[in-house]
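Enquirer: Starting from the given sequences, assemble the full structure and let the hints guide the process.
Chains as they are written, first to last, in our numbering: chain A, 1 to 140; chain B, 1 to 146.
Be careful, since some hints might not be right.
[Unchecked claim] If you anchor each label on the Cβ, the simulated ranges turn out as follows:
1. B:49 with A:74: 42 to 50 angstroms
2. A:73 with B:85: 41 to 49 angstroms
3. A:131 with B:45: 23 to 31 angstroms
4. B:126 with A:131: 20 to 28 angstroms
5. B:49 with A:88: 27 to 35 angstroms
6. B:37 with A:30: 50 to 58 angstroms
7. B:86 with A:107: 30 to 38 angstroms
8. A:74 with B:38: 47 to 55 angstroms
9. A:63 with B:106: 37 to 45 angstroms
10. A:45 with B:122: 21 to 29 angstroms
11. B:125 with A:62: 23 to 31 angstroms
12. B:89 with A:70: 48 to 56 angstroms
13. B:146 with A:62: 33 to 41 angstroms
[What the hints assert, rightly or not] Listed next, the stretches of chain B that the computed footprint assigns to chain A, with coverage defined by at least 3 CB atoms under 8 angstroms from CB atoms of chain A:
14. 112-124
15. 131-142
Bear in mind the hints are in silico, worked out from the structure with no lab data behind them. Ideal Cβ positions, reconstructed from N, Cα and C, are used throughout, including at glycine.
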Amino acid sequence: MSPADRLLSLVEAEHAAVYAYGVLGARLDDTRRRAALLAYDSHRARRDQVAAALRSAGGTPPPPLAAYDVTVTNPAEALTLAVRVEEGLALRWRDLVGDTDDVALRQLGIAGLQECAVRAAQWRRLAGITPATVAFPGTD
Amino acid sequence: MSVSPSRRRLLQAALVCPVLAACTDEPAQPARIDPDVALRAAAVARERALVDAYRAAAGSSSSAVAARTAGLAEEHEQHLAALRAPSPSASTSSAPAAVPTLTQLLVAERAAAGAHAAAAVRASRDLATVLASLAASEASHAVVLT
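Expert: Here it is as C-alpha cells:
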C-alpha cells in the first residue's frame, strides 16, 4: 500500500478512535475518565497531524463518519474497548513504518506506534489484564 | 611454464589490491555495505544488555520487583529471537551483576526505546517494522515499572 493510502487509513482510524473515547470515557470513574480524556486529545492531535501529512502528499483527508458502531454499557466494556482501539491503531502505525522510506513519516509512524503501545498497556493494567504488555506491539 | 613463487604473490596482490583499494580509498561506495547489519547488531546488543539487567533483577530480594520484571524479561528474550540472535547464556556472566532498581530498569528501557526508534528511521523497511515494534514495546514497559 502507498504511504498516502496508509495515511488515509490512519485518518479514518483516528476519527473512529476519537469517537470511541468520547463514548467510553463517559462510562468510567473520574480517574480513568481523565486518562480517557488525555487519550482523546492525543488521538485528535495525531489525526490532525496525519491529515496534514496526507494533504502534503496530495491527498484529501476523509471526514469522520456521522456515527460509529460503538456500544459501551459499563466500565469493564469501556476498558476493553480502549485496549482494542489502541491495538487496532498500533497495527496501522506499524504498517505506515513498513511502507515508507520518508524520514518524517517513519518518525511519525514510530511515535504513533509507541503512544498506542503505552496506552494499551495502561488500559490493560487498569482492566486487570496480565500481562499488561506485549512483546510486539502493532502485530496480531 | 611454472609460475615462480614471487610472481604468484604478485598476481595475488594484483587481485587483492583493487578490493582493498575500494574499501579504504573510496568511501564513495557505501551502498555495498548493508546498513541493516550494523543496526541489527546494535539492537541485539541493547536487548542482550536488558536481558542481563532483568536476570540480575530476578535475584532481587524484593518479591515485588521479581514479580513485575519476570514478564518483561521474557519479552526481551522474544525480541532477541525476532532479531535472529540467541539469548546470552547465563554461564558467560563472569561477575555477579548488581541487582538493578526499578528506576534503573526504567532508565534502561527508555534509552533502548529511543535507540530502537532512531535505528528504525534508518533501517530497511523490513527491519524498520521490527525495530519500531521493539521501540514501542520498551516504551510500554515503563507502565509496568512505574
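Enquirer: Please flag the earlier hints that this structure goes against, numbers listed from lowest up.
Expert: Violated: none.
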